[in-house]
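A.B. asks: Sequence:
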Amino acid sequence: MNRIEKVLNKGEKLLIPYITPEFPIKNSTLPLLEALHYAGSDMIEIGIPFSDPIADGPTIQHSSYIALKNGVNLRKIFNIVSEFRKKFSTPIILMGYFNSILNFGISKFVSESVENGIDGLIVPDLPVDEADELINFSQKYGLSNIFLVAPTSTTERIKLISSKSTHFAYCVSVTGVTGERENFGGDEFENFMRRVKENSTKPFVVGFGISKREHVLKAWEWADGAVVGSALIKKLFNIDEISKCSEIAYEFIKELKNGLVQEKKQIW
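111 is the number that full-length UniProt numbering gives to position 111 of the sequence shown; each next residue is one higher, with no gaps.
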């Protein structure tokens with residue numbers, strides 16, 4: 001059974017942080033993954049840095065730029081996840097643009113992802129109706145495909161995305177790029193969530209704009225999980241110590257998941 005499926009079968013609301021590997025400094029990725037695990041992350045999303053990230057706002061764009069300067073590539077990401085897998089079973093999801101996957105080779109990318117302990121894949125610039133080759137290889141090797149639902153998605157498209165997503169779909173809370181926002185929710189968001197709920201046969205999570213505990217709780221009212229990316233990345237800006245990166249990530253995700261952290265201690 002896929003690790004993602006095991007988590008979903010618990011029936012609990014999920015918190016899924018997103019990190020950019022080797023940001024903000026070299027060799028910070030594995031300690032960050034460990035800290036996020038101990039903070040209670042239900043799954044962890046790792047971005048594949050790309051030179052032209054069309055779905056990402058300035059925060060994640062900047063982190064990708066730093067990560068590329070720090071020498072990140074797919075092979076390094078695979079090696080880090082493989083090392084993480086020696087001790088932890090938290091599902092890992094890669095989010096990357098199709099050009100990176102195509103250049104690596106679709107079959108090779110999928111097989112090596114699974115071989116190194118990666119559980120799922122999000123490709124924001126690959127429409128679901130053009131993803132058959134990726135889906136076929138993913139089914140062959142056991143990689144979970146997670147497709148994006150936008151507020152502009154029609155009823156028929158929501159049904160299609162739900163059916164093509166292996167275990168769950170990912171709802172983009174607003175039209176536009178990633179980025180933390182002061183306000184989250186509102187009538188438009190709730191109408192969107194209602195449409196997704198009525199037309200999905202699989203669980204779904206919500207991302208884009210989540211930066212506070214109250215945002216997470218709002219997402220949990222409607223969806224099975226909340227994804228937090230830019231807000232976490234922003235907290236790591238200009239940090240130059242690995243232990244400090246881990247501490248900041250641990251405390252932030254612990255707070256988003258459970259409320260205010262009462263006791264701060266390093267356990268990783």
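Everything labelled a hint here was simulated from the structure, so no lab data went into it. Here the structure is a predicted model, which is why all the values come from computation and not from measurement. Don't take every hint at face value.
In silico EDC-like pairs for lysine to aspartate or glutamate, Cα to Cα no more than 16 Å straight-line [unchecked claim]:
(1) K159 with E188
(2) K212 with E255
(3) K13 with E214
(4) K86 with E115
(5) K257 with E214
(6) K244 with E112
(7) K202 with E5
(8) K235 with E255
(9) K197 with E156
(10) K197 with D224
(11) K26 with E198
(12) K212 with E251
(13) K76 with E112
(14) K202 with D224
(15) K164 with E214
(16) K87 with E5
(17) K86 with E34
(18) K197 with E221
(19) K108 with D129
(20) K257 with E12
(21) K159 with E198
(22) K235 with D224
(23) K234 with E247
A.B. asks: So if I understand the rule, the pair passes when the alpha-carbon distance is 16 Å or less; does K202 with D224 pass?
C.D. replies: 10 Å, holds
A.B. asks: Can the restraint linking K212 and E251 be considered satisfied, given a maximum Cα separation of 16 Å?
C.D. replies: Status holds; Cα separation ~13 Å.
A.B. asks: Given the hint that K212 pairs with E255, does the C-alpha gap stay at or below 16 Å?
C.D. replies: 9 Å, holds
A.B. asks: Between K257 and E214, does the CA-CA distance stay at or below 16 Å?
C.D. replies: 10 Å, holds
A.B. asks: Decide if the proposed pair is consistent with the structure: K244 and E112, CA atoms, cutoff 16 Å inclusive.
C.D. replies: 31 Å, violated
A.B. asks: Given the hint that K87 pairs with E5, does the C-alpha gap stay at or below 16 Å?
C.D. replies: 19 Å, violated
A.B. asks: For the pair supplied as a hint, K13 and E214, confirm whether the alpha-carbon distance does not exceed 16 Å.
C.D. replies: Holds, because 14 Å separates the two Cα atoms, which is no more than 16 Å.
A.B. asks: Can the restraint linking K86 and E115 be considered satisfied, given a maximum Cα separation of 16 Å?
C.D. replies: With a Cα-Cα distance of about 13 Å, the restraint between K86 and E115 holds, given a limit of 16 Å.
A.B. asks: K197 and E221 were given as a pair; does the straight-line alpha-carbon distance stay at or below 16 Å?
C.D. replies: 12 Å, holds
A.B. asks: What's the verdict on K86 and E34, does the C-alpha distance respect the 16 Å limit or exceed it?
C.D. replies: 11 Å, holds
A.B. asks: Is the Cα-Cα distance between K159 and E188 16 Å or less?
C.D. replies: 19 Å, violated
A.B. asks: Mind checking the alpha carbons of K235 and D224 for me, to see if they're no more than 16 Å apart?
C.D. replies: 25 Å, violated
Checked against the numbered hints above, the structure violates hints 1, 6, 11, 15, 16, 19 and 22; every other hint is satisfied.
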